[in-house]
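Just need the whole structure built from these sequences, with the hints factored in.
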Amino acid sequence: MTELEKKIKAKIPGEDTGIEIKRSLCAVCSPGNHCGLDCYVKDGKLLKVEGTLEHPYNKGKICTKGASNRDYIYRKDRVRTPLKRVGARGEGKFEPISWDEAYQIIAEKLNAVKEQYSPHSVAFFSGFCKWYRPILHRFCYTFGSVNFGTDDSTCFKSTDICHHLTTGRGGNGPNLPNANTFLGWNYGGYYSNHLAVPGAQALKERGGKIIIIDTRYTPAAKNLADIFLQINPGTDGALALGMAKIIIDNGWADMDYIEKYTYGFEQYKELVQKYPLDKVCQITGLNPDDVFAATKLFATNGPAAINFSASALAHRTNGLQTNRAILCLSALTGNYDQPGGNIPSVASYLHKRGGFDTREMEFRESKRPHDQLRIGETRFPPWDEYCDEFQAMDLLRQIEEGTPYPVKAIVGFGFNAKMFPETDKLVKAFDKLDFFVDADMFMSYTTRFADIVLPSCSSLERGEMKAYEGGYLTFTKPAIPPLYESKSDVNMLCELARVMDLDDDLLKAGYEACCDWMIQDTGLTVADLKASDLPVKVPGAKPTVPGEYIKNGFKTRTGKFEFYSTAIASYDPKYGLNPLPDYVDPLADENDPETKANYPFHLIAGARIPNTLHSRLHEVPWLRSLRPDPLVEIHVDDAKRLGIGEGDKVALSSPHGTIHLKAKLTSKVKPGVLMMAHGYTEANANELVGRNHLDPYSGYPGFKSLRCAIRKEAE
Amino acid sequence: MMKYVFTFDPNRCSACSSCMIACTDQNDIDLAAGEKCYRKTYDTEIPLDDGKVYCAYLSTACMHCDDAPCIAACPVGCISKDPDTGFTIYDNTNCIGCKSCAMACPFGAPRYRKEDGKMVKCDGCYMRVKNGMKPACVRACSFGALDCVPEDQVTGAYSDKACNVLINQAGLRRKAH
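Here the protein sequences come in this chain order: A and B.
In terms of our numbering, the first sequence is residues 1 to 715.
In terms of our numbering, the second sequence is residues 1 to 177.
Keep in mind the hints are simulated off the structure, nothing from the lab.
None of the values given here were measured: they were computed from a predicted structure.
Computed list of lysine-lysine pairs in DSS-like fashion (alpha-carbon distance at most 30 angstroms, straight line):
id : chain 1 : residue 1 : chain 2 : residue 2
1  : A       : K664      : B       : K52
2  : A       : K9        : B       : K118
3  : A       : K42       : A       : K6
Which residues of chain B face chain A? A partial, calculated answer using Cβ under 8 angstroms:
id : residue
4  : N11
5  : R12
6  : A32
7  : N131
8  : F143
Using C-beta positions, here's what the derived DEER-type ranges look like:
id : chain 1 : residue 1 : chain 2 : residue 2 : range
9  : B       : Y54       : A       : A569      : 49 to 59 angstroms
10 : A       : D533      : B       : Y42       : 31 to 41 angstroms
11 : A       : T658      : B       : G77       : 53 to 63 angstroms
12 : B       : D152      : A       : R711      : 55 to 65 angstroms
13 : B       : V149      : A       : P543      : 26 to 36 angstroms
14 : B       : K99       : A       : P543      : 51 to 61 angstroms
15 : A       : K712      : B       : D152      : 49 to 59 angstroms
Glycine residues also receive a C-beta, built at the ideal position from the N, C-alpha and C atoms.
Dropping the structure here:
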């Protein structure tokens with residue numbers, strides 16, 4: 001081999017090798033991340049990827065999933081052209097059609113539903129990867145439908161609503177650089193949020209203390225924890241209330257902060273008296289000394305920051321109140337919006353906090369219809385008040401029952417039916433629709449049920465706008481041309497707006513015009529952003545300053561941090577919602593003696609593993625190779641008792657269904673607990689989840705706390 | 001001869017396997033054809049004498065031994081030391097697929113590739129290192145568990161993390177039979 005041949009084989013970029021590094025971003029996971037990506041490209045082909053070292057957000061780091069971008073993009077089941085269904089719904093038989101024909105069919109079908117029923121009978125739904133949401137949201141409103149929904153119906157929003165109810169402002173971040181103690185409540189990091197790990201490592205290295213509370217013994221518990229509390233699933237609310245009692249009883253509460261900034265302390269203090277340590281330990285399965293030590297560390301070694309997650313605790317029928325009980329600990333110890341505590345901030349664009357304002361909200365609000373209830377509206381009052389989307393956990397019911405009005409068409413972008421409890425019932429209900437169009441990169445489980453499938457391109461094949469922490473905005477350029485006939489999702493929507501001649505000149509002017517409109521107050525234009533391969537600093541962007549928010553009063557009804565939620569108190573008593581964050585058993589709706597006896601295990605469905613993200617990556621060969629089979633993790637003692645060996649075929653069942661997978665024996669979960677990853681078509685955890693096993697505050701399903709049974713199957 | 005070494009900190013690893021994916025991406029390893037990645041991670045639960053369990057998260061590949069037994073074992077001289085990096089590299093043009101290298105290696109690093117009947121292994125991404133870049137696996141590690149540094153920069157406590165300390169650690173902790 002010549003030196004040049006060796007360099008080409010090693011993919012060394014340079015003029016001699018013809019390999020160029022093009023900047024893009026990874027959109028495999030949620031826009032909460034989207035790391036900067038170096039794409040090694042030659043002759044329009046992607047050769048490999050790495051994190052962009054100079055990128056202000058991820059500083060060169062990408063995760064297992066992001067490292068797989070090449071295999072993800074070149075998946076064999078990419079949708080190549082627009083497709084029209086020719087077989088029965090779900091059969092998977094399609095024929096290629098032109099873009100023009102696809103747009104004509106979509107326009108005709110949506111207008112027919114609009115005329116025969118109403119525009120609201122068309123539901124617009126965004127799954128992954130969410131980046132096109134502002135455009136889809138506005139398209140939905142301009143079309144005349146109130147029904148814009150997203151996967152926020154089961155992720156992120158519950159925690160966000162909890163914060164709004166309690167503090168008047170959305171999610172907050174733990175301020176680790178100034179913290180002495182990190183209460184890593186359900187903090188996994190390594191498999192779910194790789195960029196959250198270095199901050200925790202740094203805290204530990206400078207002598208800070210870390211408490212990890214989790215249902216499984218995770219790498220974070222092993223590598224980072226000074227105290228690890230392995231808690232019974234779904235009992236976190238009881239622990240938080242018990243910790244509050246210890247803090248108050250020992251005089252560790254920050255009474256100055258409480259008097260100045262909070263509302264309802266006396267009622268809260270009375271509530272926590274119901275949770276003495278012995279009772280808490282009985283519920284949580286924890287050792288009293290450990291709980292006391294963790295509480296003392298958190299309360300007396302401040303400043304202390306708490307981890308809040310988008311899904312882990314929210315995926316329980318008591319999820320929103322659990323997060324509220326934990327959030328109350330932050331105010332109780334005077335850490336909320338204080339250096340080293342939890343600092344609230346406001347999103348600039350697509351949930352990213354950049355420290356500057358865009359007109360993303362106005363972009364859609366200006367077109368919002370108000371003449372109908374959204375799907376699910378009036379069922380979950382906090383959701384109704386704090387979220388301008390339909391609650392998709394009511395979609396199945398409304399399609400089936402047609403009340404208060406029928407849903408007859410769905411416009412999906414990355415629609416994932418496996419996100420829904422009783423998935424089998426939902427796809428059956430699709431038969432009641434007049435029309436279902438779905439845009440996706442891949443022929444997914446869900447696209448099989450669509451009438452029209454549109455081929456989306458990946459983030460590497462398009463340009464997109466994105467905000468980042470630290471005051472940054474970027475607009476990427478395609479690293480490679482779109483594969484086959486695929487298109488950027490937003491281009492589809494703007495082109496469709498033209499074909500349908502919607503009354504919206506901005507949408508019809510295209511994505512870049514829309515972005516320019518949204519960022520008009522930043523002093524930058526899309527052209528400015530495109531002139532740079534890296535994110536650009538927005539002039540005048542302000543960092544979030546601790547203490548800034550609470551200085552002028554909380555944006556709650558009382559202007560205070562509400563231990564006692566006046567918003568919840570204002571809802572109709574018929575909902576039975578509690579203004580105080582009391583604890584309720586996560587299996588309260590499954591505790592009748594018969595169900596208890598038949599389904600003795602506690603299933604946690606959706607615990608993160610490094611190589612999967614929902615249903616999106618199971619078919620990526622490199623990632624699938626790391627765990628080829630769907631596995632349920634079971635404690636070694638339970639397995640021994642039931643005669644289940646490593647890799648044995650087992651059936652998991654609940655009152656709602658049965659799935660088949662293989663056993664993985666472990667000591668990382670407690671006896672009585674089962675754990676599995678979700679999103680598999682051949683072992684879909686949501687076949688086990690009942691459609692009404694929901695958190696009454698948020699509408700979120702209890703994916704991570706449900707009863708089930710396990711039995712060994714014959715080979 | 002300049003020498004680079006791989007270092008590994010078992011207390012930063014989670015067996016997330018981004019190193020394996022990056023190695024696969026870098027080396028075009030055809031997993032579908034049955035090829036194996038040159039690097040391998042382990043998520044292993046080791047029972048201890050006191051009844052507890054040690055959860056080991058490890059990432060291993062060719063150790064690039066100073067006195068690499070695979071070099072001497074190869075009858076056709078495919079394997080050598082790269083003078084610029086000290087990595088154990090190979091040119092399998094003349095490989096006869098006898099697997100002597102694999103048998104000589106205590107770590108199972110050389111792999112036999114069925115497709116063309118030749119040996120392949122981790123070459124430390126020596127061409128990347130020579131061009132001022134980190135090996136692909138190191139570049140993909142978000143947690144600082146894996147690194148690759150010139151040998152003279154490995155000092156004191158840090159040297160404990162070099163090479164096969166992970167195996168010693170796991171071995172020491174293994175339940176006595």
